[in-house]
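Student: For reference, the chains in residue letters:
Number of protein chains: 2
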Amino acid sequence: MVRVNSYYQTLRAGYLFPEIQRRIKAFAAQHPEADLIRLGIGDVTEPLPAACTDAMATAVEAMGTRTGFHGYGPEQGYHWLRQAIAQHDYQQRGCAIEADEIFISDGSKCDTSNILDILGDDNRIAVTDPVYPVYVDSNVMAGHTGPANDQGCYGGLQYLPLTADNDFRAPLPATPADLIYLCFPNNPTGAVATRAELQRWVDYARSHDALILFDAAYEAFIQDSELPHSIFEVEEARDCAIEFRSFSKKAGFTGTRCAFTVIPKTLSGHTRNGDAVSLWQLWSRRQSTKFNGVSYVVQRGAEAVYSAAGQAQVARLVTFYMDNAAIIRQQLQRLGLAVYGGQHAPYVWVKTPASMNSWQFFDQLLHQAHVVGTPGAGFGAAGEGYLRLSAFNSRGQVEAAMTRLARCKLQ
Amino acid sequence: MVRVNSYYQTLRAGYLFPEIQRRIKAFAAQHPEADLIRLGIGDVTEPLPAACTDAMATAVEAMGTRTGFHGYGPEQGYHWLRQAIAQHDYQQRGCAIEADEIFISDGSKCDTSNILDILGDDNRIAVTDPVYPVYVDSNVMAGHTGPANDQGCYGGLQYLPLTADNDFRAPLPATPADLIYLCFPNNPTGAVATRAELQRWVDYARSHDALILFDAAYEAFIQDSELPHSIFEVEEARDCAIEFRSFSKKAGFTGTRCAFTVIPKTLSGHTRNGDAVSLWQLWSRRQSTKFNGVSYVVQRGAEAVYSAAGQAQVARLVTFYMDNAAIIRQQLQRLGLAVYGGQHAPYVWVKTPASMNSWQFFDQLLHQAHVVGTPGAGFGAAGEGYLRLSAFNSRGQVEAAMTRLARCKLQ
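Protein sequences appear in the order of chains A and B. First residue of the first sequence? That's 1 in UniProt numbering, and the numbers climb one at a time after it. First residue of the second sequence? That's 1 in UniProt numbering, and the numbers climb one at a time after it.
For reference, chain A alone in the conformation it holds in the complex:
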């Protein structure tokens, strides 16, 4: 009799985004005339940079010729892309990361969940709260947790609150953790980490022999040149951190699919027998066996992000979305709401007014303004009482949404 992975039954049924879709659908059925503005899911709206489409068009043409055709590429990605990333994203910022420590993939969602393949089942895990649901769900599916309580907190995970009360500076784990998920600039709160803050985490990880899984998917949105873009700007992170990055948000690749993971060769973990093993080698083996690399055409598009034209075009995209974020921030503040994030991240994190909870505020915006946000409680228990608004939309839609909010009775 074939057995399934029973841990999937531990997952909560009411997953965040499907539940949002359900409420939108019910509302739209009752109000078919309503013109919804979606500031919920963090999907980009602006076209790919011309440098990227030019490079992809050239690559497509090459694939139609015998001399320019590319079959299987290296599972870890083409050297020219890994080299461009190492140089521009790391070495130019003073991080000692080499091209062969960079693994190209088709998405950070894949990498942040697949990374568990090479890790043991007995690690003690800490996540911030609120948190990107994939970190948690992938651990639930792997059987690393107990069932969830009424607030959606799974047994066996250590939740580190990241709220206005602690100035979005999560406490270090109260009981030792072996695996710590961090994301800065943060999804969903838009909070950022200073170099000192990253140093605090690296110091913790090194003193506890822990591994930091650092998600830097939003680093391109940082506006303050003093803020670190990579955990590897803290030198000792080479001994205790893996970093995930993506072209999705900064270069509009959500539908094109390219990302990468940085695993320093100096990083190791331990087997059950206590032997030290290189995580770089384990991931190389994992990718060689279970992955076949990213489309040649897509890798050429990603490479173009690092050309002079690509860099300028990406900078304009980032500015465009951050201007949206500023418009959202200003309007919400004008309405008397407490607003966080949106200064170095494309997400604005807003405290719900009065004593409303996240879903009540979500429903109010949907029904009164026909604006879709994302309830903070969907990201974790400590997200209760907040709502996330995304800056990924056209200027017209963002401005229209803010005009509508001004007309709502928000308090």
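Don't take every hint at face value.
[As the list claims (entries may be wrong)] Computed footprint of chain A on chain B, listed as stretches where at least three residues anywhere in the stretch have a Cβ under 8 Å from a Cβ of chain A:
hint : segment
1    : 38-50
2    : 106-117
3    : 137-145
4    : 249-262
5    : 266-272
6    : 277-286
[Stated by the list, open to error] Stretch by stretch, here's where chain B covers chain A in the computed footprint (C-beta under 8 Å, at least three residues):
hint : segment
7    : 56-68
8    : 99-112
9    : 289-299
[Unchecked claim] FRET-style restraints, in silico, Cβ to Cβ:
hint : chain 1 : residue 1 : chain 2 : residue 2 : range
10   : B       : Gln-281   : A       : Ile-24    : 19 to 29 Å
11   : A       : Arg-206   : B       : Gly-396   : 56 to 66 Å
12   : B       : Arg-200   : A       : His-31    : 50 to 60 Å
13   : B       : Thr-266   : A       : Leu-335   : 47 to 57 Å
14   : A       : Ala-308   : B       : Arg-395   : 40 to 50 Å
15   : A       : Ala-142   : B       : Gln-281   : 17 to 27 Å
16   : B       : Pro-176   : A       : Gln-9     : 20 to 30 Å
Just so you know, these hints were derived from the structure itself, not from any lab. Glycine included, C-beta positions come from ideal geometry on N, C-alpha and C.
Given chain A, work out where chain B should sit, using these hints.
Tutor: Frame of chain A, contents of chain B only:
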């Protein structure tokens, strides 16, 4: 202290293709003048069909415009692609498969290994021998086996020999199996399964409540219209089989990356508590959480395979490679060797002459003819005494390789 997945230590170090590379490198270092012809790894050499590059070029252009831009797509793939597949690959052949039972992915290697995510750790597993190494290695990594013996057979797996002695008709499992990996047309032997043969497996699976993981990556190379292309041509397979397919070999997508997996909604497995659970639902959840869909541009390329022009161009590609296979078969037979496969599959499976083992024959071809094959023993213990030659190369290279073989002292 961070723990790693200790099961990776169970993997044998001398993985097939790296070992081939090592021997090629050593040979090339000693004979830098040698012009090697590679008939080893099954990578295509001909350009993408024009229908595909045309569609991809149009899609790239669209991605550069605000109206044609596509962000996150459905994790399961775009409906238009799933619909085209359901219609052309299944419904037209009388298989009752619906579009929403098809999950688009970036590769069959990913799918055949990731499928274990939704299955339990206590299934009894059977594989044919020889076998595509990914089926075995992904189970080793998941901790489903014991260590390997000297022949490379892992403890806990049931190996079903597929050799000339049984006319490439593997025996049913001697002890009950819950999970059975089958691949027809077969990699590496080139063997095919008749409808009666598939019926035999489906009957076994249904009477033992087992699941068949059916890899049909090479179905497009079938020349005999009586042979089944899909396990779903056996109607009851909807209750006991998952099928994997790929655009890699038939449409030259090895470097473009698109494949799909078919999971009937009627398929279920059991939890530890004995509850029946839909595998379709588990895989939907797995893909939604750990995957973000295939590049829009690539999916448009795959869709074009089903256009009239695309179908004609793919048919020409298949004929081209199968003519290569025929040239290889004829020459080897002329040389007095026992030859299998190569009639409905792009792989020719040849018995080593005299009492040579696989690696000796590999070395002989490399040293005497400067031709690279793949030693059968690398695919499993029952592959010992065979060698695989791939038909994926230019006509000139294939003919040159055969001319060289004629000059060798093969016996």
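Student: Is the listed coverage of the segment 56-68 of chain A by chain B valid when you require three or more residues with a beta carbon under 8 Å from a beta carbon of that chain?
Tutor: Since three or more residues must qualify, the claim that chain B covers the segment 56-68 of chain A holds, with 9 doing so at under 8 Å.
Student: Against the range 20 to 30 Å, how does the distance between the Cβ atoms of Pro-176 (chain B) and Gln-9 (chain A) compare: consistent or not?
Tutor: Between Pro-176 (chain B) and Gln-9 (chain A), where Cβ atoms are some 25 Å apart, the hint holds.
Student: Taking a Cβ-to-Cβ distance below 8 Å as contact, does the segment 289-299 of chain A have at least three residues touching chain B?
Tutor: holds (count 10)
Student: Are at least 3 residues of the segment 38-50 of chain B within less than 8 Å of chain A when you compare beta carbons?
Tutor: That given contact holds, which follows from 8 residues of the segment 38-50 of chain B lying within Cβ reach (below 8 Å) of chain A.
Student: With respect to the beta-carbon atoms only, verify the hint that Arg-206 (chain A) and Gly-396 (chain B) lie 56 to 66 Å apart.
Tutor: Since Arg-206 (chain A) and Gly-396 (chain B) have Cβ atoms about 58 Å apart, the given range 56 to 66 Å holds.
Student: Against the range 50 to 60 Å, how does the distance between the Cβ atoms of Arg-200 (chain B) and His-31 (chain A) compare: consistent or not?
Tutor: holds, 57 Å
Student: With 40 to 50 Å as the target window, see if Ala-308 (chain A) and Arg-395 (chain B) comply at their CB atoms.
Tutor: holds, 43 Å
Student: Examine the segment 266-272 of chain B for residues whose CB is less than 8 Å from any CB of chain A, and state whether their number is three or more.
Tutor: holds (count 4)
Student: Is the coverage entry for the segment 249-262 of chain B by chain A consistent with the three-residue Cβ rule at 8 Å?
Tutor: Satisfied; 5 residues make the cut.
Student: Counting residues of the segment 99-112 of chain A with a beta carbon closer than 8 Å to any beta carbon of chain B, are there 3 or more?
Tutor: holds (count 4)
Student: Between the segment 106-117 of chain B and chain A, are there enough contacts, at least three residues with CB-CB distance under 8 Å, for the coverage claim to hold?
Tutor: It holds, with 7 qualifying residues against the three required.
Student: Mind checking the hinted window 19 to 29 Å against the Cβ distance between Gln-281 (chain B) and Ile-24 (chain A)?
Tutor: At 22 Å between Cβs, range holds.
The structure agrees with every numbered hint stated previously.
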